[in-house]
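There are 4 protein chains.
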Amino acid sequence: MTTIETQLDDTTFTTYESEVRSYCRNWPAIFDTAQGSWLTSIDGKQYLDFFAGAGALNYGHNHPALKEALIDYLVRDGITHGLDMSTRAKGEFLQTFADRILAPRNLDYKVQFPGPTGTNAVESALKLARKVTGRESIISFTNAFHGMTLGSLSVTGNATKRAGAGVPLVHTTPMPFDNYFDGAVEDFSWFERVLDDHGSGLNRPAAVIVETVQGEGGVNVARAAWLRALQELCADREILMIVDDVQMGCGRTGEFFSFEFAGITPDIVTLSKSIGGYGLPLALTLMKPELDIWAPGEHNGTFRGNNPAFVTATAALNQFWSDDLLTRDVHRKGEIISESFGQLSAEYEALSHRGRGMVQGLVFDEPAQAGEVCALAYEAGLLAETSGPEDQVVKLLPPLTIDEDDLSHGLTILSDAVATVQPTMRAVEK
Amino acid sequence: MTTIETQLDDTTFTTYESEVRSYCRNWPAIFDTAQGSWLTSIDGKQYLDFFAGAGALNYGHNHPALKEALIDYLVRDGITHGLDMSTRAKGEFLQTFADRILAPRNLDYKVQFPGPTGTNAVESALKLARKVTGRESIISFTNAFHGMTLGSLSVTGNATKRAGAGVPLVHTTPMPFDNYFDGAVEDFSWFERVLDDHGSGLNRPAAVIVETVQGEGGVNVARAAWLRALQELCADREILMIVDDVQMGCGRTGEFFSFEFAGITPDIVTLSKSIGGYGLPLALTLMKPELDIWAPGEHNGTFRGNNPAFVTATAALNQFWSDDLLTRDVHRKGEIISESFGQLSAEYEALSHRGRGMVQGLVFDEPAQAGEVCALAYEAGLLAETSGPEDQVVKLLPPLTIDEDDLSHGLTILSDAVATVQPTMRAVEK
Amino acid sequence: MTTIETQLDDTTFTTYESEVRSYCRNWPAIFDTAQGSWLTSIDGKQYLDFFAGAGALNYGHNHPALKEALIDYLVRDGITHGLDMSTRAKGEFLQTFADRILAPRNLDYKVQFPGPTGTNAVESALKLARKVTGRESIISFTNAFHGMTLGSLSVTGNATKRAGAGVPLVHTTPMPFDNYFDGAVEDFSWFERVLDDHGSGLNRPAAVIVETVQGEGGVNVARAAWLRALQELCADREILMIVDDVQMGCGRTGEFFSFEFAGITPDIVTLSKSIGGYGLPLALTLMKPELDIWAPGEHNGTFRGNNPAFVTATAALNQFWSDDLLTRDVHRKGEIISESFGQLSAEYEALSHRGRGMVQGLVFDEPAQAGEVCALAYEAGLLAETSGPEDQVVKLLPPLTIDEDDLSHGLTILSDAVATVQPTMRAVEK
Amino acid sequence: MTTIETQLDDTTFTTYESEVRSYCRNWPAIFDTAQGSWLTSIDGKQYLDFFAGAGALNYGHNHPALKEALIDYLVRDGITHGLDMSTRAKGEFLQTFADRILAPRNLDYKVQFPGPTGTNAVESALKLARKVTGRESIISFTNAFHGMTLGSLSVTGNATKRAGAGVPLVHTTPMPFDNYFDGAVEDFSWFERVLDDHGSGLNRPAAVIVETVQGEGGVNVARAAWLRALQELCADREILMIVDDVQMGCGRTGEFFSFEFAGITPDIVTLSKSIGGYGLPLALTLMKPELDIWAPGEHNGTFRGNNPAFVTATAALNQFWSDDLLTRDVHRKGEIISESFGQLSAEYEALSHRGRGMVQGLVFDEPAQAGEVCALAYEAGLLAETSGPEDQVVKLLPPLTIDEDDLSHGLTILSDAVATVQPTMRAVEK
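Chains as they are written, first to last, in the working numbering: chain W, 1 to 430; chain C, 1 to 430; chain E, 1 to 430; chain P, 1 to 430.
Worth flagging that the hints you see were computed from the coordinates, not collected in a lab. Everything numeric in this text was worked out from a predicted model, so none of it was measured. One thing to keep in mind: the hints can contain errors.
Note: identical chains are not told apart, hence a pair may lie in one copy or across any two.
Said to hold, decoys possible - The calculated lysine to aspartate or glutamate pairs, modelled on DMTMM-like cross-linking and capped at a C-alpha distance of 20 angstroms, are:
| no. | residue 1 | residue 2 |
| --- | --- | --- |
| 1 | K67 | D77 |
| 2 | K45 | D77 |
| 3 | K110 | E17 |
| 4 | K110 | D9 |
| 5 | K110 | D10 |
With the hints as constraints, model all of the structure from the sequences given.
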């Protein structure tokens, strides 16, 4: 086997890769290895990761326990690609997921492997909700993000991404997410009114799909009471409630599912990103047993049995979800970030902050400044990204396993960057 | 780390997994390890694999050269999950793909990583075609299969899968695939006529999407002349031609791209399944440079930078595509299968066969018999599956790397199964 | 010419006519002749008409001046059916409409004859708005009614009528009509917010379509300030404003156009119902000259040149719109109805009322009672109908030309009916 | 009543009327009166009418018997506008239609008045077919014309008119009309194949909608055998058959319904244009009784009870459909036109002709010549129009009641025009 001699530099990517590439434009380093919260580029520079694969690396990069399980599996020629055949790796994952996650929470969801990405899970959830109810319409929420395939895109808010569809996106209606009017309007006044008004013109929905914290949308945090009211509103009208926990699940907000704190049980749940544990593609669609009316093969996909990901997923469940240590850790470290952001917000008038657990956002009145802060952070060796409809939020998604020194280090970089960007801004007068 | 004690048996899967599971119903073994063309179940039984992950394992299971590259990468903590950041693994893949595949074929496609599955590649191809042309409508072909997300499903033929969408599938019109009328009707008489008739009622299409061999559709083989005529028809009318090479690419028909034999250059090509080499999720969308009008991030996805798959993909390109040995191998072994099927078809009136390279189909006049043959084969330790709108075709997709003894062994199992299913059938009178 | 001997009774209709028939179920009389505000049935019973052809008979039945013009035209063999050819009748209508209606109001609308019904006018307005803006989406309002063909139905609120489409109605989103939240929510808080939020998920609209008073929707009255704010909101964002004046135009609210009182100038206006004057089918689509980008024949229809209707339309403009007498009349008689309804609302707790000019609604807390009142009124020789999403509103649309005695007579019948339906209801305690 | 002084000339129309106006561009006369087959312009010039309101004036202009009935009705103050209330005029029409048309043909259709235009009838037919079957998709035919509202437009072939919709037209698929391939392809090979192929990708249709002769489409004539085969194909697969008889019904092809000659009974029939008899707007939707599952008012419209049109419609049925004189007349005069066109086609190589009854088309190989012939005819005082996707057909729709001298006169004008347009063209060599 002869390998191709490669002199890697920028031109490799600009020459061969499509203009659609994105993150590499803000972070032009060429990365090579990674461990825990740190990435190393080919020229040896180290970067602290406050983005964690957009939430796909909750347990950090290349966690030793997961790495060992994965290499063991590969060495002993465990099946890699298994379509939806029964395999030892899948069986052990199912049993472990049931025992570690479902049973302790009194949940009896059936598990579907809809293909290995979040958008596959969302597409299957929408299909199932439509099949169960016989209705077409889905309610999404302002600033939602659910994926890039046609079904998921139709429930996604971002206008630029929607325009990319090339066809009008239909069968969906956006409703205001929690606190969309800064408390000025009662929570479900509009949604409830049009649902119950026979003349409203709203097509009766099959389901709502909701994130408990909107990451891409700008770290918008739904309150427990709002989520409970949404569940009740749906239950009263035989509308299914789908929680898209692709980014916020797997402990990001503390508990395994991001909706646990609200005491609700969605009808359908989507999981992906960190469920594979090691950054390997995997996704689940969970549904209440009575909704599991799929015909065999009605939804399928080549990579729905990504067995290496089952192995690392199982290892991650065993490693992190046998007790509540991680949950308590997340709450504590979330508090640290929140305090740091609180201080910045107190210091600078044009800043505010919001978040839950270890997803935290620093919100700039002046959107461009959020991007400038991230650019300065990158210079200082920190990876952090903006989100929100105007990219006005610096969104932090550090590994849940980050150690506190690294966390402090990163927060200091950010504080310094804010100070640089807002040098002339007066402290808030008290 | 405590692991969950698992007594794996059928009930693990029937208890926890959704009814949507499919292959595991016909092949109820619980598989554990795999090597080359063979899988081993947890109770030690061995199965010869003529399905190869529905075409995702063209180089067999766990090929040693790829395995070594993968384990090396993991051991040295190569980045696993890289979003669309530039990484050494991605750069080496891009350079190798350009040098091994594109350059020798005089192709200058730009490469997009649209997410790691075939349906992601198809969705991005449809989006791009619509963006470039400003039109919504797509032409698909009878018995096409392109994926399960909403955009891909709308260009897929199977009525059951379409019904699963739960919304009417629109913006697409099917046209007859090559030989749809058994030669009775001129190839593009209908398509060309409605395109050029201002009053036909056909919405002017942005693109056609076509497989050169329809695997799921029943091993329907397009002739080179038909593909050339389709390309000409499209070019004359400024309609883009998308070849979906997810299943038929990566050498399945002999050459790397399945369309090479026809001497055509599609505007957009989708690749997935075997491109990762080792059964790991990866997909590419290739587009002519002048079509690369994507805005940064206009299409994205969490797992579009599955770096372990870049590593095995690069190793596979180096291992198999540095010369034409594999291509010649595929043609030779395809011939062996074709001859075996030819003999069966000569022997039994109700059988016929078709295929190209190492995708070959044995077609039963009586659809149920195809399923019976596969069931008998499974009993005898061979994995083979049916396809076609009535599941009337036994479709073979063995690893391209299968050794000839194994190939003969499997073909003998199939011949015996056919003999069992059609015992009373007279030999064809000559 | 031999005529068929017909013994007309109910069975004629129940035997031959489709179940879709509707008004005849509540008003089972077989009507024969009509004059002014009165209809006479075949058995000689007289009925006072407070419905006026759902607003198509603003000038009453068979007004003598219009009748004379029509018969003269027919006698002299004026062209009846003229497609969209230029005819004397059409030319005189256009000139009269320009001189009597447009010029005095400083309007320079171009006039389209889109087919003779309101829904034709709405369909053409939506087409034009989409063509001008290149966008698909239309904003409608809660409880809107715009017609029964597919385009108009998609902007109509009533769930039963929408379901009749048999396909999902798309490309439209409902927004709250004025006072939808009884003053609790700021007028355009939701609409403005989602328009200006790049991440809201609302497809950017081509146009809004609005009635100034929603007749079918339950006599919901938009305030002048709300309409002005809507116009401003649209103008600021390059969204076209369509006022559907099919039912509320032609003097129903006093002025010729129902939007005049608000001082706004919509981009597109639809007229039908009373524009023909004599109950003959006619419709207009008015558009600002710069929007008149239609290609010749791009929208057409067999009966868009209904010349007898041009003749009566012209006569009606000359008869009623040479001065402001009718306008003042409408305001005065509207006041009479409003006072009568005010007294009833004061007397009975479960009643309220609303309206503008001579469209007035008596609103029942208990929807069934509205129907009972109309049934009693019918028994007493008065035609009045319910509207609203739960048919909870007795909606009055008397001829604008009704004399005051008849008006009083009808209002007395209604008051008596209310007293009968609500006998035990206490007077409101003051 | 003061009337507006009008100096009618072209500028009246160009100043006030929208650019969408169409016929008036080719026929710039300002018409005033009409009688039988003749129109008279305001400057006294007479025009022979071979267009007859695009088929809305089968009995000519202002037929005396109908005129008398209409004026009598107006004089005695018969109800003009009756929504869908029962009226004497409607009852007499229903009874007469049942006795004169339905009973003699052993038809038991229920009658719906869907609004007064053809497109209303088509929209209601599509709605009903979708409601009955629970399916969305409709099959239309190449070069069909069914109307300009959104539902009807989606089953119309013309690309320019379709583009006018401003939204993608969906839920419909075109199939080849009879003889679309000039006999080269078996009639329903494509349609039948995709219907019966579970993998074809065709959404299963609720109904087909078909014209027996496509007038707008270019006088394409379906053979009786093709229509019978279509009916059988539909019946076998529980697909409803809708015949749109808006232009071809009411005797245009000889018999009252244009499908009678084929011996078929459609499930749903639409009628409009000439059903009112006098050019007044009226439309019917006929449905087999078992399909009449409408809810009351599920489809409605302000002008569905156009009583003057009921009166003239009844008079027309009595006048023309008490015996078979008109039918025989139409066949005879159709033969005359056909012979004349046959001679022209024999004389000039670049001409052919087709038609049935009194809809006849002269087809030019060179489309522009068809328009030139019509322009010359207009100069000579004859109104005739082109149709077909390239306007390549001179389409004749003279009043069925035209006398033979006038018919000959018009045909001579056309022959002369052809001779002028094709002066250098050799006679066909025999």
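| field | Up to 20 angstroms CA-CA - E17 versus K110, copy category | value | Result: close only across copies, 5 angstroms inter versus 40 angstroms intra.
| task | Please work out whether the CA atoms of K45 and D77 approach to 20 angstroms or closer within one copy, between two copies, in both situations, or in neither? | result | So K45 and D77 pass the 20 angstroms test across copies only (15 angstroms; inside, 35 angstroms).
| Is it within a copy, between copies, both, or neither that the alpha carbon of K67 lies no farther than 20 angstroms from that of D77? | This pair counts as both: shortest intra-copy Cα distance 15 angstroms, inter-copy 9 angstroms.
| said: Checking an output row: K110 and D9, CA cutoff 20 angstroms. Within, between, both or neither? | reply: The answer is between: 17 angstroms across copies meets 20 angstroms, while 47 angstroms in one copy does not.
| task | Evaluate K110 and D10 at a C-alpha cut-off of 20 angstroms and name the case that applies: within, between, both or neither. | result | Answer is between: at 15 angstroms across copies they meet the 20 angstroms cutoff, but 46 angstroms inside does not.
In summary, the structure agrees with every hint in the numbered list given earlier.
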